[in-house]
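Visitor: Chains as they are written, first to last, in the numbering used here: chain H, 1 to 263; chain G, 264 to 591.
Treat the hints with care, as some may be off.
Stated by the list, open to error - Coverage of chain G stretches by chain H, computed from C-beta distances (three or more under 8 Å per stretch; other residues unrestricted):
hint, region
1, 438 to 444
2, 456 to 462
3, 478 to 492
4, 527 to 538
No lab work stands behind these hints, which were simulated from the structure alone.
For each residue, glycine too, the CB sits at the ideal point set by N, CA and C.
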Amino acid sequence: MLLEVDGLAKEFGGVHAVQDFSLSMDAGEVVGLIGPNGAGKSTVITLVAGFTRQDKGTVRFGDTDISHMPVHRRARLGLVRTFQLARVWGRLSVMENMLVAASSPPRESLWRQFTAPRAQRAEEDLDRERARGVLAEFELLRLKDEPAERLSGGQKRLLEFARIVMAQPRLVLLDEPSASLSPAMSRRIGESILHLTSLGIAVLLVEHDLSLVEDTCSRIVCMAASRVIAEGSMESLRSNELVVQAYLGAALEERDLSKAAGA
Amino acid sequence: MLAFITVSLILVVTNCIVAVGLNIQLGYTGMVNLMSITCVAIGGYTTLVLAMPPATPATGLTYVLGLNWPFPLAVLGGTVVAGLFGLIVGSVALRRLRAHYFAIVTFCVAEITHQSIGNFNPLFGGFNGIYGLPQPGVDVIGYDNWNYFYLLVCFVILAIVFVFAEYLRRRPFGRALRAIREDQDAAQAFGRNVYRLQLEAFVIGSLLAGLGGAMLVGFTGALDPGSWGSPETLVLITAIILGGSGNNLGVVVGMVLVAGVITQGLTFLPAGLISNTLLSPVEVMIYGALLIVVLRFRPEGLLPERPPRDVIKEPRRRLTAPHVVAED
Numbered sequence: 001m002l003l004e005v006d007g008l009a010k011e012f013g014g015v016h017a018v019q020d021f022s023l024s025m026d027a028g029e030v031v032g033l034i035g036p037n038g039a040g041k042s043t044v045i046t047l048v049a050g051f052t053r054q055d056k057g058t059v060r061f062g063d064t065d066i067s068h069m070p071v072h073r074r075a076r077l078g079l080v081r082t083f084q085l086a087r088v089w090g091r092l093s094v095m096e097n098m099l100v101a102a103s104s105p106p107r108e109s110l111w112r113q114f115t116a117p118r119a120q121r122a123e124e125d126l127d128r129e130r131a132r133g134v135l136a137e138f139e140l141l142r143l144k145d146e147p148a149e150r151l152s153g154g155q156k157r158l159l160e161f162a163r164i165v166m167a168q169p170r171l172v173l174l175d176e177p178s179a180s181l182s183p184a185m186s187r188r189i190g191e192s193i194l195h196l197t198s199l200g201i202a203v204l205l206v207e208h209d210l211s212l213v214e215d216t217c218s219r220i221v222c223m224a225a226s227r228v229i230a231e232g233s234m235e236s237l238r239s240n241e242l243v244v245q246a247y248l249g250a251a252l253e254e255r256d257l258s259k260a261a262g263a
Numbered sequence: 264m265l266a267f268i269t270v271s272l273i274l275v276v277t278n279c280i281v282a283v284g285l286n287i288q289l290g291y292t293g294m295v296n297l298m299s300i301t302c303v304a305i306g307g308y309t310t311l312v313l314a315m316p317p318a319t320p321a322t323g324l325t326y327v328l329g330l331n332w333p334f335p336l337a338v339l340g341g342t343v344v345a346g347l348f349g350l351i352v353g354s355v356a357l358r359r360l361r362a363h364y365f366a367i368v369t370f371c372v373a374e375i376t377h378q379s380i381g382n383f384n385p386l387f388g389g390f391n392g393i394y395g396l397p398q399p400g401v402d403v404i405g406y407d408n409w410n411y412f413y414l415l416v417c418f419v420i421l422a423i424v425f426v427f428a429e430y431l432r433r434r435p436f437g438r439a440l441r442a443i444r445e446d447q448d449a450a451q452a453f454g455r456n457v458y459r460l461q462l463e464a465f466v467i468g469s470l471l472a473g474l475g476g477a478m479l480v481g482f483t484g485a486l487d488p489g490s491w492g493s494p495e496t497l498v499l500i501t502a503i504i505l506g507g508s509g510n511n512l513g514v515v516v517g518m519v520l521v522a523g524v525i526t527q528g529l530t531f532l533p534a535g536l537i538s539n540t541l542l543s544p545v546e547v548m549i550y551g552a553l554l555i556v557v558l559r560f561r562p563e564g565l566l567p568e569r570p571p572r573d574v575i576k577e578p579r580r581r582l583t584a585p586h587v588v589a590e591d
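Bound conformation, chain G alone (with noise of 0.2 Å):
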């Protein structure tokens, strides 16, 4: 049982790493995201292809580079390749499209990459995907206590994303991103350079869905396109929707609540009940039934985003005239 706890606590945990990366596009700055998937996936492949030794015919797998980097490397070049393919989309889907466009535009490069991906083997392997990755660590650690340590790994990491996206949002710059979800032409107009804000809050968020997919990898050890699709971007956007878009914590209560406790409660049911094959699309079907009735009954999700007090520090006497510029 603890081992199963454990094993569903880091998938739960990588996985908020991707959804806290994903609030600060979404929750902060209203990008409906739909490819942050796509960046899981790309920061997961490029960390197994940097981490894994070549590609021989003997292992039936065929992919590229296999650079026999340690692991920590990989993972900071598997989350800089992913922000990079952020930079690329985003500087191309924000310069002149609104929010609709964009996530349709996000929509349809998270499906032409999925299937670019899945049907040319050269790459990452195609259907067959990539696997094989030892644990990383294993050999210092040891089989027994490595769930235990790597899950130790995957929560340090989170805890600083989460500090780090919590510290960018009470800042003026997560401000902005906010008044800029609120109304892009006001902010506009009062000098914010919307497209700018935008792709950094984009490039952010990409890069933390790399780093979830290479910590995700580090677990499984493998990735195949049949794991991130459609299904999954319907995860991380039911989570954000159900915690709070907006609110980190939120964000990571929404998580454990949908890729912990629905999913693996899911499995627990009386054998019999669904059979295996089923098991997964009624997954699915709780996750959409679920998104839909939450947007209805409460679309501010179940820790609501509240803007910062005012907090007045000392008794100052109240300035009464504003200063001008003036005119010269």
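For reference, chain H alone in the conformation it holds in the complex (with noise of 0.2 Å):
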């Protein structure tokens, strides 16, 4: 198992955000997490991720009990998360992005700059060749001296994907990746997802997109009101009476909408 949540339960000055999540999830498996806004899958993202604490439950990763790690010490194990609004590292250009993404903290330590500067020069060297590949692959090859500000959204996103290819992590958490692009990214943004799973990444991933959500998961978890609803394919979930009144209904209808209005 790669990553285990058990009874997680988080308060927001009363107001219940997440109450008694459980999730599991093997290596390599993609898991979509959907429901309607303020069901909580984003607190979900930050709790997992270690952005803030849990009132309780635990988590765990691997083989570790991460349930009080530092969000850093979580990515060093392999688990980073992406953000709502794709967040670059804007006046670091394309390439540095990639380099800060695959590096590694020991090559970073203030200490290593002046002892191995030949050993740190080798690496960085492996990993530009690597980065350029990746980033030829997002197609931004063109754009790697470019400050990533200067990025369209979409961009941005294919940024943050290639970040992620770089950082070689187990287990990515994907927290809407779709929002406020167009429809050919979205579809973009679907591939990138299976890229991701084709390196052996695990994906949780986030998404009010339900096409790209069935596209790319095996499984999918719907939350409503802070709690999980109901659990399986995105088949067993439109037929699920719950689920549908408290999410699919709604977003089936709007998908319908706009398929028609494209149409």
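Fit the two chains together into the complex; they arrive one by one in their own frames, and the hints show the way.
Guide: Below you can see the structure in the form of structure tokens.
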């Protein structure tokens, strides 16, 4: 088991954001997390990544109990997250963004800057070469020397995915990667998610674009009002009365309408 | 005139040492540190009390220690104590505070330290300060050429500091600091220990501030609270923003313009245009206005920071499939 979340709960000022959330994921698995706004999906991501502390419950990652571990240590174990807005390091070049994602804290240790510059440079050169390959796959190679802030919204998203490829985590938590992107870009994001899984990276995907979820996830968890209300394939969720009432009814209708409008 | 230029340059160069240090904190890492001048003062005072003989009632001075250390050793001591001060404040203030709160904490520490040192005479002479340090090395060099000699020493130190700071900026360490400046959360999400990296940058900057202060008192032979307060903080911040935050060369240019051209230029105004008592208030007003104008019209400064280019060294076969650590 790669990730084991058990009985996670979080309150914000008396309001239950997440209650009794449990989830197990295998290595390389892609799990979707859907639900109406305010259901607690993003809170689950911030809790699992360690950006906020849970009131109750445990999180295990691999063989380690990470329930009380700070964010950066979880990341070093191979647990990386993204944010609802693409967050690149704006005044670093695209290549530098890739190198920061790839390099490890030991390489950046103050001491090693002076004691092992050669070894460092060799590691950096290898990473640079690998980064160029990854950037080419994401069609960002010609932008490699641009400050990342000059990229378009969609390109920033792609750079985020490219950074994840560089970091080679075991699990990535994606928080609405297609939010505010065009339908074409959304498809691109879908491909990028499959790209990650082809590398053996497990994905927990929070997303409102249900076709994107259906295309990428083998298993889907549905939350409503801070609790998990159903779990299974998209098929089984569609026939689940609870899910349709809480979320899918409205969401599917909206999707059909937009499809009709598009056609 | 030559003497005037030499004296001005010594002040500019010692200020540059401080500014390059502050640039590591403010420019690289994005930490708005408003107590840089406090570390300058601590470095300066420590150097004085280490290098001078014990205070006696006859001199009218009061201060601690008085160890008669050789000047270079005292400079080292001043630098280290300023770094320790930075370590103590930083390790508390950086633990949970975000940018704005950190700025406020450093501002408060600066004010508290200023008032404490000013009103507690036994430590560093209170508002009277400490004075009377003999010019270091004057017994070897002689009075005639001492200013040139001291300028040369300061300049060499600045050169070393500059190369050191520039080296760090180009290495993975400096890149990690800049990533923290751009997005702290994303840096954390990719495994950076933000606290540790910020603290390291903060201590390095504090050490350099202390070094600048130590070299400054070697020249002036004196220090009192009137010469290190919020106006001096404004000078430092203005120089960095004007020159180009994050760009070491820009920071030096900014300091030359601010502490060199503007400050010294004011002394050449026709007599009677501004009365002497108004000179330093006007100076502060000019810095403040200049800072606002730069932030409004050219926030990146005269020489903006540029990310390094990725130079392809030799044409080699591109890696197509990235390696993946297999899950076991």
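Visitor: Now, for every hint given, state plainly whether the structure supports it.
Guide: Tested hints:
Proximity of the region 438 to 444 of chain G to chain H, defined as three or more residues with a beta carbon under 8 Å from a beta carbon of that chain, is established by the 5 residues found. Restraint check on the region 456 to 462 of chain G versus chain H: 3 residues with Cβ-Cβ distances below 8 Å, three needed, restraint holds. Beta-carbon proximity to chain H at under 8 Å applies to 0 residues in the region 478 to 492 of chain G; the threshold of 3 is not reached and the given coverage is violated. A stretch counts as covered by a chain when three or more of its residues have a beta carbon under 8 Å from one of that chain; for the region 527 to 538 of chain G and chain H the count is 0, and the coverage is violated.
Hints 3 and 4 from the earlier list are contradicted by this structure; the remaining hints agree with it.
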